[in-house]
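Visitor: Protein chains in written order, with the numbering used here: chain A, 15 to 428; chain B, 60 to 403; chain C, 11 to 351.
Take the hints with a grain of salt, since some may be wrong.
Stated by the list, open to error - Below 30 Å or equal to it, Euclidean Cα-Cα: the simulated DSBU-like pairs (lysine-lysine) are:
| hint | chain 1 | residue 1 | chain 2 | residue 2 |
| --- | --- | --- | --- | --- |
| 1 | A | 129 | C | 300 |
| 2 | A | 108 | C | 300 |
| 3 | A | 108 | A | 221 |
To be verified - Simulated coverage check for chain C against chain B, where a stretch passes if three residues somewhere in it have a Cβ under 8 Å from a Cβ of chain B:
| hint | region |
| --- | --- |
| 4 | 138–147 |
| 5 | 316–327 |
Hints were generated in silico from the structure; no laboratory data involved. Don't be surprised by glycine CBs; every beta carbon is placed ideally from N, CA and C.
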Amino acid sequence: MKIQRRVLATAMVAAGLLGHGLAMADGTIKIGLLATFEGPFTVLGEDGLRGAMVAIGEFNGKAGGKTIEIVRGSSDASPDSALKAARKLVEQDKVTVLVGPLSGDEGLAIKDYAKTQPKVTFINGTSAAADTTLRNPAPNFFRYSTDGAQWMAGLGTYAYQVKKYKTAAVVAEDYSFPYTQVFGFMAEFCKAGGKVPSKAWVPIGTKDYASVIAAIPDNVDAIYVALGGADAVNFLSQYQRAGGKAPLIGGSITVDQTVLTAKGKLRDVLIGTPSAGPIADTNDTPAWNSFVAAYKKQAGAFPSPSLFAHGYYVDMKATILGLNAVNGDTSDGGAKLRGALSKLSFDTPTGKVSLDSNRNAIADIYLTEVVAGADGNLVNKLIKVVPQVNQTLGIPVKDFLALGVVGRDNPSCK
Amino acid sequence: MSSLQTTPAPLVSATQWRGLLWLLALLVLAWLVFAIWPEWLNMFLISKKTFISVVLNGLTLGGLYFLVASGFTLIFGLMHNVNLAHGSLYLLGAYVGYEFANASGYWLLGVAGAFVFVGLVGVVFQVLVFRRMEGDDLRQTLISIGISIVAADLMLAVWSGGTYQIMVPDWLDGAITLPIVTALRSNGAAVYLSYPFYRVVVLASAVVIGIGLWLLLNRTRVGMMIRAGVDDREMLSASGTNVHRVFAIVFGLGAGLAGFAGVVGGSALSVAPGEDVRYLLTSLVVVIVGGMGSISGAALGALVIGLAEQAGLVYFPTYGIVLTFVIMVVTLAVRPQGLMGKSL
Amino acid sequence: MNDAQLTRASVAPGWVERLGVAHVLLGLVLLVYPAAASDFFLTQIGGYTLILGTLALSLMLLAGYGGMVSLAQITVAGVAGYSVAIFGDNATHVMGFGWPWWIAVPYAVLLAAIASALIGWISARTDGVYTIMITLAIAMAMFYFTQQNYALFNGHSGYSGLQMPQFWGVVWRDPLPFYYVCLGVAVTSYAAVLYARDSSFGLSLQAIRDNPRRMRAIGYDVTLHKVFAWFLAGVIAGLAGVLLVWFNGRISPGTIGVNAAIDVLIVAVLGGMRHPIGAFIGALVVVLLKTFAIDLVGADRFNTLIGLVFLAIVFASPDGLLGLWIRFRSKLDKRSIRPPS
Numbered sequence: 015m016k017i018q019r020r021v022l023a024t025a026m027v028a029a030g031l032l033g034h035g036l037a038m039a040d041g042t043i044k045i046g047l048l049a050t051f052e053g054p055f056t057v058l059g060e061d062g063l064r065g066a067m068v069a070i071g072e073f074n075g076k077a078g079g080k081t082i083e084i085v086r087g088s089s090d091a092s093p094d095s096a097l098k099a100a101r102k103l104v105e106q107d108k109v110t111v112l113v114g115p116l117s118g119d120e121g122l123a124i125k126d127y128a129k130t131q132p133k134v135t136f137i138n139g140t141s142a143a144a145d146t147t148l149r150n151p152a153p154n155f156f157r158y159s160t161d162g163a164q165w166m167a168g169l170g171t172y173a174y175q176v177k178k179y180k181t182a183a184v185v186a187e188d189y190s191f192p193y194t195q196v197f198g199f200m201a202e203f204c205k206a207g208g209k210v211p212s213k214a215w216v217p218i219g220t221k222d223y224a225s226v227i228a229a230i231p232d233n234v235d236a237i238y239v240a241l242g243g244a245d246a247v248n249f250l251s252q253y254q255r256a257g258g259k260a261p262l263i264g265g266s267i268t269v270d271q272t273v274l275t276a277k278g279k280l281r282d283v284l285i286g287t288p289s290a291g292p293i294a295d296t297n298d299t300p301a302w303n304s305f306v307a308a309y310k311k312q313a314g315a316f317p318s319p320s321l322f323a324h325g326y327y328v329d330m331k332a333t334i335l336g337l338n339a340v341n342g343d344t345s346d347g348g349a350k351l352r353g354a355l356s357k358l359s360f361d362t363p364t365g366k367v368s369l370d371s372n373r374n375a376i377a378d379i380y381l382t383e384v385v386a387g388a389d390g391n392l393v394n395k396l397i398k399v400v401p402q403v404n405q406t407l408g409i410p411v412k413d414f415l416a417l418g419v420v421g422r423d424n425p426s427c428k
Numbered sequence: 060m061s062s063l064q065t066t067p068a069p070l071v072s073a074t075q076w077r078g079l080l081w082l083l084a085l086l087v088l089a090w091l092v093f094a095i096w097p098e099w100l101n102m103f104l105i106s107k108k109t110f111i112s113v114v115l116n117g118l119t120l121g122g123l124y125f126l127v128a129s130g131f132t133l134i135f136g137l138m139h140n141v142n143l144a145h146g147s148l149y150l151l152g153a154y155v156g157y158e159f160a161n162a163s164g165y166w167l168l169g170v171a172g173a174f175v176f177v178g179l180v181g182v183v184f185q186v187l188v189f190r191r192m193e194g195d196d197l198r199q200t201l202i203s204i205g206i207s208i209v210a211a212d213l214m215l216a217v218w219s220g221g222t223y224q225i226m227v228p229d230w231l232d233g234a235i236t237l238p239i240v241t242a243l244r245s246n247g248a249a250v251y252l253s254y255p256f257y258r259v260v261v262l263a264s265a266v267v268i269g270i271g272l273w274l275l276l277n278r279t280r281v282g283m284m285i286r287a288g289v290d291d292r293e294m295l296s297a298s299g300t301n302v303h304r305v306f307a308i309v310f311g312l313g314a315g316l317a318g319f320a321g322v323v324g325g326s327a328l329s330v331a332p333g334e335d336v337r338y339l340l341t342s343l344v345v346v347i348v349g350g351m352g353s354i355s356g357a358a359l360g361a362l363v364i365g366l367a368e369q370a371g372l373v374y375f376p377t378y379g380i381v382l383t384f385v386i387m388v389v390t391l392a393v394r395p396q397g398l399m400g401k402s403l
Numbered sequence: 011m012n013d014a015q016l017t018r019a020s021v022a023p024g025w026v027e028r029l030g031v032a033h034v035l036l037g038l039v040l041l042v043y044p045a046a047a048s049d050f051f052l053t054q055i056g057g058y059t060l061i062l063g064t065l066a067l068s069l070m071l072l073a074g075y076g077g078m079v080s081l082a083q084i085t086v087a088g089v090a091g092y093s094v095a096i097f098g099d100n101a102t103h104v105m106g107f108g109w110p111w112w113i114a115v116p117y118a119v120l121l122a123a124i125a126s127a128l129i130g131w132i133s134a135r136t137d138g139v140y141t142i143m144i145t146l147a148i149a150m151a152m153f154y155f156t157q158q159n160y161a162l163f164n165g166h167s168g169y170s171g172l173q174m175p176q177f178w179g180v181v182w183r184d185p186l187p188f189y190y191v192c193l194g195v196a197v198t199s200y201a202a203v204l205y206a207r208d209s210s211f212g213l214s215l216q217a218i219r220d221n222p223r224r225m226r227a228i229g230y231d232v233t234l235h236k237v238f239a240w241f242l243a244g245v246i247a248g249l250a251g252v253l254l255v256w257f258n259g260r261i262s263p264g265t266i267g268v269n270a271a272i273d274v275l276i277v278a279v280l281g282g283m284r285h286p287i288g289a290f291i292g293a294l295v296v297v298l299l300k301t302f303a304i305d306l307v308g309a310d311r312f313n314t315l316i317g318l319v320f321l322a323i324v325f326a327s328p329d330g331l332l333g334l335w336i337r338f339r340s341k342l343d344k345r346s347i348r349p350p351s
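Please put together the full structure from these sequences, using the hints given.
Guide: Quick look at the structure:
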């Protein structure tokens, strides 16, 4: 396969120089897969790829009667790198559908690019910034995975009413995705009566949280942490080492498998942390179990799929279902395909997924708590399912938009 | 009238003024640390616990930065080689140390293994690569950039993108209670500051390494040769010393220090791709501020940058991160040789 | 014709000779290139190479003729780019004063040139590696500032919807017009650098590069010359920056980060800093490499390939590809069987 690709690449260079578009070999359909294979989120991108491959395997590698050819594009979570990779996939490799990207700000850039490429269909990976579909959506960008605010549905109310936390401090990374997550949490928490006296926005890539931890007020009932990957691991182990007493509330990627599998004493502060997101590790439905089984067959898989594997799975499955619905016919520039995609509604391992008028997903959200599993691994135990959450969290659209663009100071409830 | 009449001596000389100011600063600092704070101070400095933590964290972080930067400044001081692959050496040391510690179960073995392994890699670089380009600073810098790109990708291939944690052994872990009162409980009892022991260990090791380097440079034969080479390379080789051997030793030592710092830092702050660029930039800033080629400069620079970073993170959260580089720009513009460097 | 006229006719250079045969041939190739290239190759390879080459040209002016290696050229380009976003139109609903392009663009280039002169003034007292480091620090400070500040720079997300203007009935962002605009800017900058090189300013600049102390002793204001060189380089980098944001349609801190800064240096060094054409040669090599490495070695190790190619070229030749070419040509000359004249 690799040798074929190299020959193909050389031929493409020659063909490009001669100005002829490369004709697609009959019987194959090119799907671009854009994820973070470089930089701090590499391990997340690799899991996303696993999820996409599970979806492809489910359909035996075929979509619309043609064989699927995946062309990979690599980014490093910055919008510029995502744009560059998308350009190459769309303009040089001439993919029919582009699945991706992974990170929030990348999604905003890809949405803008999609507007300039009306004949190509763009389906999200796991990018979860709200504005990718909430404001100025692109007519050819579809998101079957839910956004960061949707992921927090139910958590704020649970923290206030069940866990009895009256005040919470916030520690989160300083960019669009954590803004969205904090927004989703605080919308419910503040409405229920909670107060957030201090918010600490740390620049991306901060490693030494000792001083941030020391600056958190002593008298808060809990700390809401929206950090990801290596940053989350660092914060949690330093929090444990500093003898932090306040319990934690986790953002969706803070208690993801990529963090739960980290070794060390940080497990002590993780146990009992409530969170919410698109998946729960201890889901007993047969659909989820067969998804996990198929996922575990992939090389390098975690004990349980991360939400990145899940997101790419759902979006790739939607791609294939859409292509099946039009029998792989994209000769009209994909208009029929996009029509089929906007009406698509299907069952996933986590329940039914359908689209709203902005082509954003309406899906179930899972409220979870971290517990130690039977084999000692930490897992997110399912507490409650919040059914069919939409992008405006049940609030009327006009009121939701009136709440304003997410940012450092919005929302605020001291 | 005698033409030799001198102006009357001032009451307090300039040196005495400086001494008085330092004493005053020390007294204020001591009061801040040991006294119970009045309420109004909390408005500016959040809380006593925050302030003390920032100072201590800055000190200990500075210790880590000194460990990383000492190798960098040593290599530059002698060979005028701006080794932009220094961060990659740090990361390599962290990964290698993780493997050694994991395989053997002993943290110290990881530390020693990383030091030796990365030191050898450094010697190889110097002998095979940098020796051929002696004198051409720009070319050496560019080669080191190329090496760092390739090294980063190869390390990503071997260890993938996940975060590794080097386990701190139990006898270094845990928290100690410092005799500093951070608050008074409602019943009048004092709350003492509890501080992670490992960070103190990092600071202590930085001090030990610093003293060791000073002894090496000032009390050994090799150190004498190094100091002579920093002053005048041609004279050194004219005097019969095998300059290339000295260079190889110094590069190896500098690289080994980076590897050592990688394990020590990786135990406190975890290991992941991207750390190489981060610690390279930090070493650059520390060494510029402190003075290239000076160990005591690296110590002072590390202290300043460590404190600035931690204070910036807490007290100027939005723009604190710019502060470090602004300090570097100001230093280069006003006093290019750094705080302790020799005048250019 | 009498003897004088004959001599004049044979000695006076024609326009082909004045420009140089190589230049004429290259110009023809570049003009005709669109006939043979697909849209992707026209914009993503051709246009992007010209933009990157222009940016590297500004570095070459400073480093090759001025002896000041700067890692802040992308920062200067970023100043122009952000200015276009702030003073022109953007789709992010932050700032965006809506000035027409023929006011916003010259203003952006002017701001970039002033910023560049400021950087030059700050780094006037440094030389060699110290200049590299102070410019790197300035670049990093600017990167973090744009990342953290939302009021002016919209932070990590940056500005999007930066559209190239349409006028005279032409959509200038279409592949063919865009290529020619980039070509025009590149050729103008190239010609300007060549002209400056041979002008009295250029000669004094090169003399300052070789021995600043002597020049100071003769009475030249070294700092002023240096700052002016930075200003000129800033104009070129600013133009490249404007084209870059029109090319991408967006700008964000990632555009001016440490990787981008080092890329410009890699391009200039790879091509060779002896002659301005080196900037464009280096740009072509880097763009081709970065675009197609992922196809040659797969999505996993393409960065290693790029690094190894860079190492190989710097190892083999300190003057980059141009240096290799010059050495190769002189070797050919040595092997020629022409009798020694």
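Visitor: A separate judgement is required for each hint: does it hold in the structure or not?
Guide: Results of checking the hints against the structure:
Of the pairs offered as hints, the one joining residue 129(A) and residue 300(C) holds, with about 25 Å between alpha carbons and a cut-off of 30 Å not exceeded. Restraint check: the Cα-Cα separation between residue 108(A) and residue 300(C) comes to about 18 Å, which is no more than 30 Å; the hinted pair holds. Proximity of residue 108(A) to residue 221(A) is assessed by CA-CA distance (about 40 Å); at most 30 Å being required, the pair is judged violated. For the region 138–147 of chain C, the stated coverage by chain B is satisfied: 8 residues place a CB nearer than 8 Å to a CB of that chain, which reaches the threshold of 3.
With 7 residues carrying a beta carbon less than 8 Å from a beta carbon of chain B, the region 316–327 of chain C meets the three-residue requirement, and the given coverage holds.
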